[in-house]
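Colleague: Now for the letters of each chain:
Number of protein chains: 2
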Amino acid sequence: MNAVMGPETGATDPIPFGRDAFAARLARYAARVDAELEAILTVPDVPERRLHEAMRYSASSGGKRIRPVLFLAVGDMLGGGSSLMLPFACALELIHAYSLIHDDLPAMDNDDFRRGRPTSHKVFGEAMAILAGDALLNRSYELMLKSVLEAGTESAADLARCVRAMRCLADAAGACGMVGGQVIDMESEGCQADRNLLERMHRLKTGALIRAAVASPAILCGAGPEEEAALALYADHLGLAFQIRDDLLDVQGTEAELGKPIGSDARNGKTTYVTLLGGDGARMALSDARRAALEALSGFGGRASFLREMAVFVADRTF
Amino acid sequence: MNAVMGPETGATDPIPFGRDAFAARLARYAARVDAELEAILTVPDVPERRLHEAMRYSASSGGKRIRPVLFLAVGDMLGGGSSLMLPFACALELIHAYSLIHDDLPAMDNDDFRRGRPTSHKVFGEAMAILAGDALLNRSYELMLKSVLEAGTESAADLARCVRAMRCLADAAGACGMVGGQVIDMESEGCQADRNLLERMHRLKTGALIRAAVASPAILCGAGPEEEAALALYADHLGLAFQIRDDLLDVQGTEAELGKPIGSDARNGKTTYVTLLGGDGARMALSDARRAALEALSGFGGRASFLREMAVFVADRTF
Numbered sequence: 000m001n002a003v004m005g006p007e008t009g010a011t012d013p014i015p016f017g018r019d020a021f022a023a024r025l026a027r028y029a030a031r032v033d034a035e036l037e038a039i040l041t042v043p044d045v046p047e048r049r050l051h052e053a054m055r056y057s058a059s060s061g062g063k064r065i066r067p068v069l070f071l072a073v074g075d076m077l078g079g080g081s082s083l084m085l086p087f088a089c090a091l092e093l094i095h096a097y098s099l100i101h102d103d104l105p106a107m108d109n110d111d112f113r114r115g116r117p118t119s120h121k122v123f124g125e126a127m128a129i130l131a132g133d134a135l136l137n138r139s140y141e142l143m144l145k146s147v148l149e150a151g152t153e154s155a156a157d158l159a160r161c162v163r164a165m166r167c168l169a170d171a172a173g174a175c176g177m178v179g180g181q182v183i184d185m186e187s188e189g190c191q192a193d194r195n196l197l198e199r200m201h202r203l204k205t206g207a208l209i210r211a212a213v214a215s216p217a218i219l220c221g222a223g224p225e226e227e228a229a230l231a232l233y234a235d236h237l238g239l240a241f242q243i244r245d246d247l248l249d250v251q252g253t254e255a256e257l258g259k260p261i262g263s264d265a266r267n268g269k270t271t272y273v274t275l276l277g278g279d280g281a282r283m284a285l286s287d288a289r290r291a292a293l294e295a296l297s298g299f300g301g302r303a304s305f306l307r308e309m310a311v312f313v314a315d316r317t318f
Numbered sequence: 000m001n002a003v004m005g006p007e008t009g010a011t012d013p014i015p016f017g018r019d020a021f022a023a024r025l026a027r028y029a030a031r032v033d034a035e036l037e038a039i040l041t042v043p044d045v046p047e048r049r050l051h052e053a054m055r056y057s058a059s060s061g062g063k064r065i066r067p068v069l070f071l072a073v074g075d076m077l078g079g080g081s082s083l084m085l086p087f088a089c090a091l092e093l094i095h096a097y098s099l100i101h102d103d104l105p106a107m108d109n110d111d112f113r114r115g116r117p118t119s120h121k122v123f124g125e126a127m128a129i130l131a132g133d134a135l136l137n138r139s140y141e142l143m144l145k146s147v148l149e150a151g152t153e154s155a156a157d158l159a160r161c162v163r164a165m166r167c168l169a170d171a172a173g174a175c176g177m178v179g180g181q182v183i184d185m186e187s188e189g190c191q192a193d194r195n196l197l198e199r200m201h202r203l204k205t206g207a208l209i210r211a212a213v214a215s216p217a218i219l220c221g222a223g224p225e226e227e228a229a230l231a232l233y234a235d236h237l238g239l240a241f242q243i244r245d246d247l248l249d250v251q252g253t254e255a256e257l258g259k260p261i262g263s264d265a266r267n268g269k270t271t272y273v274t275l276l277g278g279d280g281a282r283m284a285l286s287d288a289r290r291a292a293l294e295a296l297s298g299f300g301g302r303a304s305f306l307r308e309m310a311v312f313v314a315d316r317t318f
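Going down the list, the sequences are from chains A and B.
Heads up: the first sequence begins at 0 in numbering that gives the first Met the number 0, then just goes up one per residue.
Heads up: the second sequence begins at 0 in numbering that gives the first Met the number 0, then just goes up one per residue.
Simulated from the structure, these hints should not be mistaken for laboratory data.
Some hints could be false.
[Said to hold, decoys possible] Keeping only pairs whose Cα atoms sit at most 25 Å apart, straight-line, the calculated SDA-like set for lysine to any residue is:
id, chain 1, residue 1, chain 2, residue 2
1, B, Lys145, A, Phe299
2, B, Lys145, A, Leu148
3, A, Lys145, B, Arg49
4, A, Lys145, B, Glu149
5, B, Lys269, B, Asp287
6, B, Lys121, B, Pro46
7, A, Lys121, B, Ser187
8, A, Lys63, A, Glu225
9, A, Lys121, B, Pro105
10, A, Lys121, B, Arg202
11, A, Lys63, A, Arg316
12, B, Lys145, A, Glu153
13, A, Lys145, A, Leu248
14, B, Lys145, A, Val45
15, A, Lys121, B, Met107
16, B, Lys145, B, Arg199
17, A, Lys145, B, Asp235
18, B, Lys63, B, Asn109
19, B, Lys121, A, Asn109
20, B, Lys269, A, Val45
21, A, Lys145, B, Arg202
22, B, Lys145, A, Lys121
23, B, Lys63, B, Ala38
24, A, Lys269, B, Arg202
25, B, Lys145, A, Arg166
26, B, Lys145, A, Leu85
27, B, Lys145, A, Ser154
28, B, Lys145, A, Ala222
29, A, Lys145, B, Glu227
30, A, Lys121, B, Asn109
31, A, Lys269, A, Glu308
From a predicted model like this one, the values you see are computed outputs, not experimental measurements.
Build the full structure now, drawing on both the sequences and the hints.
Modeller: As structure tokens, then:
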């Protein structure tokens with residue numbers, strides 16, 4: 000245990016928690032996720048090994064790992080030393096990874112690059128990219144179910160919590176969550192969406208998985224309804240801050256000079272918080288979301304230091 | 000309860016079980032699955048309702064429902080009156096339905112029609128078809144997890160069985176099951192596959208889900224290891240018979256006149272049991288598989304009448 004960063008599985012953080020400690024713990028969480036995904040996504044020597052290579056290619060392509068990091072941080076905050084935290088966090092990241100492969104497909108956003116690397120269909124072909132996405136989504140459930148069985152839980156209450164935690168992720172990922180949001184995004188391209196539709200789109204497309212990243216570990220840890228509600232509120236505002244920041248980053252730099260958004264969102268005819276509220280309005284909404292996220296954590300005291308820094312990190316990031 | 004058909008949830012079939020009784024019970028099982036899928040796949044009044052329409056379109060498009068029928072039949076044979084049988088059987092069918100949508104995509108088999116209706120991407124566009132497939136796969140897990148929680152199981156042993164039964168389906172559907180088989184199929188098109196590869200392809204592509212259709216209800220019913228093994232053997236031979244029959248049907252009618260296969264498989268350069276073994280060889284292999292499927296059921300006595308008729312039905316079907 001690193002004394003500077005405080006105990007990861009303890010109930011309190013005895014040392015004041017600063018930016019450096021946050022960055023170090025963020026990196027440590029992300030490294031745990033990277034290593035576990037690497038261990039999960041091996042490439043067996045089988046005729047269909049190219050599928051496994053495609054799965055590994057996309058899931059190991061870095062990224063900020065914000066969702067699984069949130070998962071692990073909530074687990075640590077609530078004292079969940081359970082062996083299920085890491086596999087469940089990785090299962091969540093597999094869902095995220097599959098959604099990016101399918102988002103990038105020619106029939107969808109038709110993107111050739113992601114995080115500086117060619118997208119899956121550019122490397123493996125379109126058919127394989129579709130199947131690799133399918134297989135990653137399915138692997139998410141294979142992984143959770145296997146982990147629950149291998150944990151050898153003998154109490155019915157604990158097992159029921161595992162099933163609830165899986166259900167929480169499943170509901171967030173499907174038609175009433177992420178996939179539904181992708182459909183709104185796709186169908187509203189080129190036409191001016193109103194604020195209600197924009198918020199619904201983000202709440203489903205990115206918000207649902209972020210909320211699940213916080214709610215699912217809370218269920219696994221046996222959090223009470225008040226803690227669950229506070230964490231869900233935190234996640235909702237965190238997700239909103241994340242999205243507004245994304246929209247602002249899309250116009251940053253050019254907006255100052257030209258006084259109007261000229262980023263890729265605008266070019267693609269996308270409604271964003273900036274096109275809807277203007278730059279100042281979006282910055283004000285971001286500040287509100289950031290404050291509300293922090294307020295939602297007030298009941299957790301010092302235990303929530305990492306989650307607080309996460310809200311600041313997400314709202315202020317420049318990448 | 001219908002006296003002619005015998006009890007569906009009892010341990011024995013008191014009345015000799017003929018073709019008509021089989022056909023009637025088959026139709027009844029299929030109707031239960033159809034009705035349940037209809038109830039599950041409602042179209043809510045939301046901005047993304049088109050996604051839900053696409054999901055419903057593909058899952059409600061008929062088909063033989065062989066996998067969920069097997070699931071229900073095994074459950075009835077083993078005396079599983081559990082409320083989980085029907086939702087799990089439907090979850091299996093949702094996985095099958097998603098795989099057909101993605102199989103038909105332009106980047107995959109590029110089929111415009113299935114079961115006499117335009118395929119999903121012809122009706123809803125390619126992007127929506129991809130997302131509808133994703134959402135159906137995910138819905139399968141949403142459905143199982145919800146059903147397990149709503150069943151209110153209070154025993155840890157029963158809950159663990161539910162998790163094992165879900166895992167059984169998940170493992171069959173993923174990269175080490177169905178999706179892996181699809182990749183072999185895709186990659187071996189146009190080149191002569193040997194019998195080993197052909198068998199691996201079918202064992203994964205269609206065999207894995209058929210085996211799970213039999214193994215998963217056995218787990219839910221708490222079957223012993225001997226029963227599980229016998230049922231798995233039955234399923235393997237049933238799956239093989241299903242595939243050989245498919246290959247034979249592709250050349251039937253024309254083969255008699257021309258003495259060589261001229262069906263669509265041959266035109267597409269696909270290796271099949273007919274191209275590999277010839278017509279007579281394939282018919283002999285079919286007969287062997289059918290006999291082996293029936294033999295695997297010998298320990299179940301009269302309880303297995305429906306499953307026996309199913310093997311005959313699958314091996315002899317003309318559609």
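Colleague: Are there hints from earlier that the structure breaks, and if so, what are their numbers?
Modeller: Violated hints: 1, 3, 8, 10, 13, 14, 16, 22, 24 and 31; rest satisfied.
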